[in-house]
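Q: Chains as they are written, first to last, in the numbering used here: chain D, 1 to 425; chain F, 1 to 425; chain B, 1 to 425.
Source of the hints: derived by calculation from the structure; they are not laboratory data. Yeah, the Cβ is synthetic: ideal placement off N, Cα and C, and Gly gets one too. Mixed in with the good hints, there may be bad ones.
Here are a few chain D residues that sit away from chain B, every Cβ distance over 12 Å (derived from the structure) [said to hold, decoys possible]: (1) Asp-33; (2) Val-39; (3) Ile-48; (4) Gly-50; (5) Asn-53; (6) Leu-83; (7) Ala-98; (8) Lys-256; (9) Glu-273; (10) Leu-288; (11) Leu-312; (12) Asn-317; (13) Tyr-346; (14) Gly-349; (15) Thr-357.
Pair ranges (Cβ atoms, derived) [unchecked claim]: (16) F:Leu-90 <-> D:Lys-144: 15 to 23 Å; (17) F:Lys-142 <-> B:Ile-87: 22 to 30 Å; (18) D:Glu-184 <-> B:Leu-35: 30 to 38 Å; (19) F:Trp-34 <-> B:Lys-220: 40 to 48 Å; (20) D:Val-205 <-> B:Tyr-346: 45 to 53 Å; (21) B:Lys-144 <-> F:Lys-142: 39 to 47 Å; (22) F:Val-201 <-> D:Asp-33: 32 to 40 Å.
Derived list of chain B stretches under chain F, where covered just means 3 residues or more per stretch with a C-beta under 8 Å from a C-beta of chain F [as the list claims (entries may be wrong)]: (23) 146-156; (24) 160-166; (25) 189-200.
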Amino acid sequence: MSKSSQNDTPPDSVEPANEENIHRRSWLKPSLDWLLIFVPIAIAMRFIPGLYNPTWLFIVSCIAIIPLAGWMGKATEHLAERLGQGIGGLLNATFGNAAELIIALFALSKGLEGVVKASITGSIIGNLLLVLGLSLLAGGAKFKEQIFNRTAASMSATALTLAAIALLIPSVFHQVAAQVPVAEGGWTPAKEQSLSLAIAVVLIVTYGFTLLFSLVTHKKLFLGEAIQGAAQKVGHELEESEDDDEKHKMVWSRGKSVLVLLVATGFVALISEFLVGAIEEARGSLGLTEVFVGVIVVAIIGNAAEHSSAILMAMRNKMDLSLSIALGSSLQIALFVAPVLLFASYLFGKPMNLEFTIPEVIAVIAAVLIAQQISSDGESNWVEGVQLLSVYAVLAILFFFLPDVHTTATAPQVINSVAPAVSHP
Amino acid sequence: MSKSSQNDTPPDSVEPANEENIHRRSWLKPSLDWLLIFVPIAIAMRFIPGLYNPTWLFIVSCIAIIPLAGWMGKATEHLAERLGQGIGGLLNATFGNAAELIIALFALSKGLEGVVKASITGSIIGNLLLVLGLSLLAGGAKFKEQIFNRTAASMSATALTLAAIALLIPSVFHQVAAQVPVAEGGWTPAKEQSLSLAIAVVLIVTYGFTLLFSLVTHKKLFLGEAIQGAAQKVGHELEESEDDDEKHKMVWSRGKSVLVLLVATGFVALISEFLVGAIEEARGSLGLTEVFVGVIVVAIIGNAAEHSSAILMAMRNKMDLSLSIALGSSLQIALFVAPVLLFASYLFGKPMNLEFTIPEVIAVIAAVLIAQQISSDGESNWVEGVQLLSVYAVLAILFFFLPDVHTTATAPQVINSVAPAVSHP
Amino acid sequence: MSKSSQNDTPPDSVEPANEENIHRRSWLKPSLDWLLIFVPIAIAMRFIPGLYNPTWLFIVSCIAIIPLAGWMGKATEHLAERLGQGIGGLLNATFGNAAELIIALFALSKGLEGVVKASITGSIIGNLLLVLGLSLLAGGAKFKEQIFNRTAASMSATALTLAAIALLIPSVFHQVAAQVPVAEGGWTPAKEQSLSLAIAVVLIVTYGFTLLFSLVTHKKLFLGEAIQGAAQKVGHELEESEDDDEKHKMVWSRGKSVLVLLVATGFVALISEFLVGAIEEARGSLGLTEVFVGVIVVAIIGNAAEHSSAILMAMRNKMDLSLSIALGSSLQIALFVAPVLLFASYLFGKPMNLEFTIPEVIAVIAAVLIAQQISSDGESNWVEGVQLLSVYAVLAILFFFLPDVHTTATAPQVINSVAPAVSHP
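This is chain D alone, in the form it adopts within the complex (with noise of 0.2 Å):
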């Protein structure tokens, strides 16, 4: 079997009214939306007296968040529809992770530094290897090889290693100017957060100049496949076009796209916050850390969406779709999320600074390098998938053992205390 071409499959690259289309044609089939009904459950149990436990509550809030952040994403996809290329474009690109956007404002508020980056973490290694190593399985087991546009892969993927390394930057000034004494200009809380600030700013420019590229001056190596579909079906493909007729009407309409962006985006603020306030009771009660729910679970919840649909785009042989879903989502937590979140800290009366711990950082550097690797040649297959999947099982067992670390002011390094050996975890 030779190279599957993406012709061979009909174009549908309008993604939002194809999956309501989708949607409505099976509504009796698995759907995520059957989850929503984890939303009434999680509201009643904080609110009625005796249903209310902190473990489940937690959980149950978890399972909620996932459709409605669905909800959100959709709702964002068919105003961005709507308001045309451009504009649309930024819509998607600034609110496409909205929902962890909104979950970290509420853990931040609570003074969860440690969760919300752990969780920053957690988006970009799982968008990198969790959503990106299943879609290229689910998408190799159906076609033997897959090829994607190379150039816009690797912009993605050279922009992820500038934030790995804006990320490392921190901690190495941490680690190195704590052994010099304040008085010679040592470390001081002070100075990582200004080191801190400043390296946010250059993020987010960063952020700015590739909207610029991939919305403005080099939006044709992205969209390169609408285009491609909808020159070969104005030549020679009548049914097509007039799927495309009906998928337009089923772009909703600017308000409906407003309404459920708003009502989806209050349920998850809701949501999000019975989820953080039971966040430090569950995690004991399940005997979790801090780092293992943020990077892990919280993570996984968050990007939830992005899954389902990056898989779905695989299974149907569209990887430029599928990657530009997984790295793009990194990307924007990399490159927006993290300098908004620390510069909304201020707002809260709680500044943080990016300073990530050691093996947060190890693992934001191994994922975007076995990540660049995987999409640098601009095909990929089954195998690579399972490489991706091996990569976020070893870092998932690192952080289960991991203990919670919590870095003290003035040095990188607690002395270790003589207690009694523990035996097995």
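Starting from the known structure of chain D, arrange chains F and B on it as the hints suggest.
A: Same frame as chain D, now just chains F and B:
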């Protein structure tokens, strides 16, 4: 001179027969087999009291193992040829590094965990830097530019990146978790062991999928050259076809293969026992550290057979085979031999973990990174060989100067004693 | 717009003459030569007692060196042109960074080892990130997509990876060996020195092979464009050919080249002496650390000439030349200048080792990694320039906030004093 095509040289993809062919016509020429003379010498030195000298026994055993490992490899390949592609490939993939495995098992049973880990490190970097470097240099000296299948090489390079990440994690865990008191979830040997066991399972499962990929679903990528050669033969080269018949006759019978394999394995086991038994005394008298002996000496000996085959293939412009030996052997050590040694260590009642020292981890990451860069473009030249050898030289210098570090059970850092400074090494 | 071919622009591969050509027609236009006015100013400030002020002398000397370095480079290239490809290439390859070398030698003789190492770091990351970043941005602003020879760029990028690994090793050795008591083979300055010397030998030998590759065995890869241009000219462009004659006349005579080279070198040496003599007092009064002055200030000054040439070439869509200047200059610093400085340090009786600080090593690794990603696909656009500049900005921020760390002789970590915390930097 344009790109040299692989069709310029006569196709002779059935390696073992071909090698024997060469061997028969050239028994007077230099051959590793002459080194078999050291087998009886080693045995004599070990059992005749007056001749016993641990340093010389170590050296003689080192040399004696080289041709024995070659015969084990040869017998495995002949047997694989007889058993057909599927099972044969599996046999090659699992017993290809049997000599290293046997040496390591003896070292483990003696409690030489440091030597075992160092020899794993050394086999990985030795194959990626020394074997591949010499191959590209020798091939590049004859051919201006050599080409190979980028997809197959990339798959191996990515698997090695995954392995490098996996081998980094236990060290990171130790460094970070040791900063937390044990009562709050800090580092314990038991946790390190559980973490290592979980990572070993991920590695060996990934290795299974890698075999599935290269032997079943995408075997054409790896057999490309053989098939291409065969097609060409059938078409228009009759005497080649006869040569092929002759070659087929040259493949050993199943009985001969098994017999040679058993005898060679028996001798390897015997000599390994001598080698490992003498290692501690020998390195003391030679002034070498445990880590240098493991990383450089044992690794070169265990991989001598791979060295000669990979270089020979490169000089015949069969770069796909050459790379597949060098990259494949590293891959097998990292994803198969390392986990198997960990599992086997439980049988000896001395469980080994996967925590490597920082220099070992850095050496593996450096080797994988540069090998990936060189193999990702599908073409090679002599200066790339020089670059790989330079990295090997730099790492060998590090391990030559590096003292043995004995990690303590509770903390990653040992406090410096105030011993008087020793002058030049 | 499709891929812009390098044949679209008129071929003018003989650079020096061409530059002078432009210069002559545009002596009123902004030029680095106007900065030559700072040479007499610096001399006056140094020798007229009333004008002496170390801070201003430092600043004026910095500016004065920029055009002098440009004239040294220009004279070297003209001389190289007259001496023919072989020896000329060698001359360019060894004296291309003579200005940096002279500044570093003066700094070494004053015992400013920290500044020397920082300026090596700064030259490597400055060329890879700042020079290459500005070139891709300036070129990409004019051309949608620019292409270059992937093989030549990869060779340089891989050599830089090797250099990054080599510069990492002495730090790793210090960190690890310092954990072992000296009596058991632990860290001593003498061992660090021997290790550094051995690595320097490997680097300079590798540099020799790299020259052999690019000037002898594979010179076509690097001269590809010039030859291609020449062939085209002969074929069908007469007035281009005349232009070429004119250009040839423009190449300076051997005598003029040598004279200009000697005079410029003399002034560079003189001004370097001023600069280095004033460095300590100046950075005190400017509130800059030693590492910031070395990595950012001295490096930008020493490489100003490369900056303007590389950007000019990129704007003329001669990406092969632009990359060869930026990557080649980094390569030369890492593989040639660094070892030469180490060897030269013995002449001053103050042997320098190759142990860089952790932030320096990380900066080099980060720069090499991202430059390798960007140069490995053989095409570039403006956003890749932005990405390189962003990494440079992030690293500059780090070095701005970083205090000077003075490594002690016996242990890598200094215990924090309990000095009162200083507020915002």
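Q: With reference to the structure, classify each hint as holding or not holding.
A: Taking the hints in turn, this is what the structure says about them:
Even its closest Cβ contact with chain B, about 38 Å, leaves D:Asp-33 beyond 12 Å, as expected for a residue assigned away from the interface. Chain B leaves D:Val-39 outside its interface by the beta-carbon criterion, the shortest separation being 41 Å against a cut-off of 12 Å. A cut-off of 12 Å between C-beta atoms confirms that D:Ile-48 is not in contact with chain B; the least separation is 49 Å. The claim that D:Gly-50 lies off the interface holds: its Cβ sits roughly 50 Å from the closest Cβ of chain B, which is beyond the 12 Å cut-off.
Taking the minimum C-beta to C-beta distance to chain B, about 43 Å, the non-interface status of D:Asn-53 holds against the 12 Å cut. The non-interface label for D:Leu-83 is consistent with chain B: the shortest C-beta to C-beta separation is roughly 24 Å, beyond 12 Å. For D:Ala-98, the condition that its CB be more than 12 Å from all CB atoms of chain B holds, with the nearest at approximately 25 Å. Under the 12 Å C-beta cut-off, the non-interface status given to D:Lys-256 relative to chain B holds; the minimum distance is some 35 Å.
Interface exclusion of D:Glu-273 from chain B stands, the closest Cβ pair being 34 Å apart, more than 12 Å. Distance to chain B confirms D:Leu-288 as a non-interface residue, since its nearest Cβ pair spans about 32 Å, more than 12 Å. Non-interface call for D:Leu-312 relative to chain B: holds, since the shortest CB-CB distance, roughly 29 Å, exceeds 12 Å. Every beta carbon of chain B lies more than 12 Å from that of D:Asn-317, the smallest distance being close to 23 Å; the non-interface claim holds.
Its beta-carbon lying about 14 Å from the closest one in chain B, D:Tyr-346 satisfies the requirement of being farther than 12 Å from that chain. Against the 12 Å criterion, D:Gly-349 stays outside the reach of chain B, whose nearest CB is about 17 Å from its own CB. Once the 12 Å rule is applied to beta carbons, D:Thr-357 is consistent with being away from chain B; the minimum gap is 17 Å. Checking the proposed 15 to 23 Å range against F:Leu-90 and D:Lys-144 shows it holds: the Cβ atoms sit about 22 Å from each other.
For the pair F:Lys-142 and B:Ile-87, the beta carbons lie near 28 Å from each other, so the given range of 22 to 30 Å is met. The hinted range of 30 to 38 Å is satisfied by D:Glu-184 and B:Leu-35, whose Cβ atoms lie roughly 36 Å apart. A hinted range of 40 to 48 Å for the beta carbons of F:Trp-34 and B:Lys-220 is consistent with their spacing of about 43 Å. Remark: the range hint 45 to 53 Å for D:Val-205 to B:Tyr-346 is upheld by a beta-carbon distance near 46 Å.
Taken as a hint, the range 39 to 47 Å holds for the pair B:Lys-144 and F:Lys-142, whose Cβ atoms sit roughly 41 Å apart. For the pair F:Val-201 and D:Asp-33, the beta carbons lie near 36 Å from each other, so the given range of 32 to 40 Å is met. For the segment 146-156 of chain B, the proposed coverage by chain F is satisfied: 4 residues have a C-beta within less than 8 Å of a C-beta in that chain, meeting the threshold of three. Counting residues of the segment 160-166 of chain B whose beta carbon lies closer than 8 Å to any beta carbon of chain F gives 4, which meets the minimum of three for the stated coverage.
Only residues whose beta carbon comes within less than 8 Å of a beta carbon in chain F count, and the segment 189-200 of chain B has 6; three or more means the coverage holds.
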